[in-house]
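Undergrad: Given next are the chains, with one letter for each unit.
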Amino acid sequence: MEFWRVPFDAQTIQVSQGVVHIIEDRCKGCGYCIEFCPRHILAFSSRFNKKGYHPPEVLQPEGCVNCHYCEIICPEFAIYSVEVPQPPGG
Amino acid sequence: MSQAVARHEASAAAVPDHPLEDLIRSDRIPHIWCPGCGIGTAFAATLSAMKGCGLDLATLCMVSGIGCSGRAAGYVKLDSFHTTHGRAIPFATGLKLGNPKLNVVVFSGDGDLFAIGGNHFIHAARRNIPLTVICLNNLNYGMTGGQAAATTPYLARTTTTPAGNHEAPFNLPLLAWASGASFVARWTILHIRELTECIQKAFLKNGFSFIEVLGPCPINYGRRNKEKPLQTLKLYQEQTIIRNHADPSDLEIDFKKKVVLGEFVDKERSTCIENYDKTCRLM
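Heads up: the sequence lines are chains A and B, in that order. For the first sequence, position 25 matches number 25 in the working numbering, and the numbering has no gaps at all. For the second sequence, position 75 matches number 75 in the working numbering, and the numbering has no gaps at all.
Don't take each hint at face value.
[Unchecked claim] Quick partial rundown of chain A residues pointing at chain B, CB under 7 Å, derived from the structure:
{"#": "1", "residue": "Arg26"}
{"#": "2", "residue": "Lys28"}
{"#": "3", "residue": "Gly29"}
{"#": "4", "residue": "Cys30"}
{"#": "5", "residue": "Glu35"}
{"#": "6", "residue": "Ile72"}
{"#": "7", "residue": "Ile73"}
{"#": "8", "residue": "Pro75"}
{"#": "9", "residue": "Glu76"}
{"#": "10", "residue": "Phe77"}
{"#": "11", "residue": "Val82"}
[As the list claims (entries may be wrong)] In silico SDA-like links for lysine to any residue, alpha-carbon gap of 25 Å or less:
{"#": "12", "chain 1": "A", "residue 1": "Lys51", "chain 2": "B", "residue 2": "Leu230"}
{"#": "13", "chain 1": "B", "residue 1": "Lys228", "chain 2": "A", "residue 2": "Glu24"}
{"#": "14", "chain 1": "B", "residue 1": "Lys51", "chain 2": "A", "residue 2": "Val19"}
{"#": "15", "chain 1": "B", "residue 1": "Lys258", "chain 2": "A", "residue 2": "Glu35"}
{"#": "16", "chain 1": "A", "residue 1": "Lys50", "chain 2": "B", "residue 2": "Arg28"}
{"#": "17", "chain 1": "B", "residue 1": "Lys228", "chain 2": "A", "residue 2": "His54"}
{"#": "18", "chain 1": "A", "residue 1": "Lys50", "chain 2": "B", "residue 2": "Ile29"}
{"#": "19", "chain 1": "B", "residue 1": "Lys205", "chain 2": "B", "residue 2": "Leu78"}
{"#": "20", "chain 1": "B", "residue 1": "Lys234", "chain 2": "A", "residue 2": "Cys67"}
{"#": "21", "chain 1": "B", "residue 1": "Lys226", "chain 2": "A", "residue 2": "Gly29"}
{"#": "22", "chain 1": "A", "residue 1": "Lys51", "chain 2": "B", "residue 2": "Pro16"}
{"#": "23", "chain 1": "B", "residue 1": "Lys234", "chain 2": "A", "residue 2": "Glu35"}
{"#": "24", "chain 1": "A", "residue 1": "Lys50", "chain 2": "B", "residue 2": "Asp17"}
{"#": "25", "chain 1": "B", "residue 1": "Lys234", "chain 2": "A", "residue 2": "His68"}
{"#": "26", "chain 1": "B", "residue 1": "Lys51", "chain 2": "B", "residue 2": "Arg28"}
{"#": "27", "chain 1": "B", "residue 1": "Lys267", "chain 2": "B", "residue 2": "Gly94"}
{"#": "28", "chain 1": "B", "residue 1": "Lys226", "chain 2": "B", "residue 2": "Leu155"}
{"#": "29", "chain 1": "A", "residue 1": "Lys51", "chain 2": "B", "residue 2": "Asp22"}
{"#": "30", "chain 1": "A", "residue 1": "Lys50", "chain 2": "B", "residue 2": "Pro19"}
{"#": "31", "chain 1": "A", "residue 1": "Lys50", "chain 2": "B", "residue 2": "Pro35"}
{"#": "32", "chain 1": "B", "residue 1": "Lys267", "chain 2": "B", "residue 2": "Pro248"}
{"#": "33", "chain 1": "B", "residue 1": "Lys77", "chain 2": "A", "residue 2": "His68"}
{"#": "34", "chain 1": "B", "residue 1": "Lys205", "chain 2": "B", "residue 2": "Arg193"}
{"#": "35", "chain 1": "A", "residue 1": "Lys51", "chain 2": "B", "residue 2": "Asp27"}
{"#": "36", "chain 1": "B", "residue 1": "Lys226", "chain 2": "B", "residue 2": "Pro162"}
{"#": "37", "chain 1": "B", "residue 1": "Lys228", "chain 2": "A", "residue 2": "Ile34"}
{"#": "38", "chain 1": "B", "residue 1": "Lys201", "chain 2": "B", "residue 2": "Glu268"}
{"#": "39", "chain 1": "B", "residue 1": "Lys228", "chain 2": "A", "residue 2": "Tyr69"}
{"#": "40", "chain 1": "A", "residue 1": "Lys51", "chain 2": "B", "residue 2": "Arg28"}
I should point out that these hints are in silico values taken from the structure, not numbers from a laboratory. For each residue, glycine too, the CB sits at the ideal point set by N, CA and C.
Start from the sequences, fold in the hints, and give me the full structure.
TA: Encoded structure:
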């Protein structure tokens, strides 16, 4: 992760990792998750879902830090993230 | 065959469900709310607060009136009640008085709670009936086509005020405070973590709690006021300021100045049920 000024405890803090799951047919393409993702890892895909909207897709899956913001701002219950278990000591 | 079933089950287990899947009626999703509507987010925040507050879900029930936000009662997989227009609070009062062990949540819109149901709101707050009232304020009558409501800001354009609204809107937290509510707060759908925490607090509060949630109505309000849903959220980001325990008379919604968010009132007052037991029941 890039820092403007590296925090003193950056070495000891473990950044969690998440996997984003998207239920594409629920999406109505409002774009809130894309706009407000703090890591900017989401974007509109070019394909259509069942309702004719462009659902989001994950551009950089390794960038997700499992903050759940996309999950809580989504009005459609269509996107959520799940934590990747960290290897112990790693 | 059994191997295929096992593989299918394994792949189904590999993708976990949405964390709120057990609280929504998934067969009714996608819901009727428009793309970019704020009700879905406020509804999801209410559901996660229900999950996180530690109360027994069997004691929670949701009551809604009529309007877009009124549909919430039909999407929640708990005991819920979709009532007549403006009468969400009277039905909820009946539920609470009939079975005081219930935790009753009223989830409705500004038109339902403050225009047709305004009188019920002020009297429930005056009596301090232990309810949690969550009002999704989208600044107009969304479901009927975007007419000017009691909360439409001065000079805002709606179908019935094409030249700009000439009326002054209600200041909802001030109204709740003046009527005697024990817990009053305001958040927007962008401040979801604060909102969820605040709803949890309100669930655990013994008394009338009121939370106003500002949410965009992109189709009926935003379109006529040149606001795309993302622009409305940008307004929520840039033109709001969090000030807990602010003076309720400073809480006008005017996005040209800063809109004040936060928890404004949190006080203890004896509730309707306690007072009734003290005076009318010999205990």
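Undergrad: Now tell me if each hint is right for this structure.
TA: Here is how each hint holds up against the structure:
no.: 1; hint: Arg26; in the structure: holds (5 Å)
no.: 2; hint: Lys28; in the structure: holds (4 Å)
no.: 3; hint: Gly29; in the structure: holds (6 Å)
no.: 4; hint: Cys30; in the structure: holds (4 Å)
no.: 5; hint: Glu35; in the structure: holds (6 Å)
no.: 6; hint: Ile72; in the structure: holds (5 Å)
no.: 7; hint: Ile73; in the structure: holds (6 Å)
no.: 8; hint: Pro75; in the structure: holds (3 Å)
no.: 9; hint: Glu76; in the structure: holds (6 Å)
no.: 10; hint: Phe77; in the structure: holds (5 Å)
no.: 11; hint: Val82; in the structure: holds (6 Å)
no.: 12; hint: Lys51/A x Leu230/B; in the structure: holds (21 Å)
no.: 13; hint: Lys228/B x Glu24/A; in the structure: holds (23 Å)
no.: 14; hint: Lys51/B x Val19/A; in the structure: holds (22 Å)
no.: 15; hint: Lys258/B x Glu35/A; in the structure: holds (22 Å)
no.: 16; hint: Lys50/A x Arg28/B; in the structure: holds (15 Å)
no.: 17; hint: Lys228/B x His54/A; in the structure: holds (17 Å)
no.: 18; hint: Lys50/A x Ile29/B; in the structure: holds (13 Å)
no.: 19; hint: Lys205/B x Leu78/B; in the structure: holds (20 Å)
no.: 20; hint: Lys234/B x Cys67/A; in the structure: holds (20 Å)
no.: 21; hint: Lys226/B x Gly29/A; in the structure: holds (19 Å)
no.: 22; hint: Lys51/A x Pro16/B; in the structure: holds (23 Å)
no.: 23; hint: Lys234/B x Glu35/A; in the structure: holds (10 Å)
no.: 24; hint: Lys50/A x Asp17/B; in the structure: holds (20 Å)
no.: 25; hint: Lys234/B x His68/A; in the structure: holds (20 Å)
no.: 26; hint: Lys51/B x Arg28/B; in the structure: holds (20 Å)
no.: 27; hint: Lys267/B x Gly94/B; in the structure: holds (24 Å)
no.: 28; hint: Lys226/B x Leu155/B; in the structure: holds (13 Å)
no.: 29; hint: Lys51/A x Asp22/B; in the structure: holds (24 Å)
no.: 30; hint: Lys50/A x Pro19/B; in the structure: holds (23 Å)
no.: 31; hint: Lys50/A x Pro35/B; in the structure: holds (15 Å)
no.: 32; hint: Lys267/B x Pro248/B; in the structure: holds (14 Å)
no.: 33; hint: Lys77/B x His68/A; in the structure: holds (22 Å)
no.: 34; hint: Lys205/B x Arg193/B; in the structure: holds (18 Å)
no.: 35; hint: Lys51/A x Asp27/B; in the structure: holds (16 Å)
no.: 36; hint: Lys226/B x Pro162/B; in the structure: holds (13 Å)
no.: 37; hint: Lys228/B x Ile34/A; in the structure: holds (15 Å)
no.: 38; hint: Lys201/B x Glu268/B; in the structure: holds (13 Å)
no.: 39; hint: Lys228/B x Tyr69/A; in the structure: holds (21 Å)
no.: 40; hint: Lys51/A x Arg28/B; in the structure: holds (15 Å)
The earlier numbered hints are all upheld by this structure, with none contradicted.
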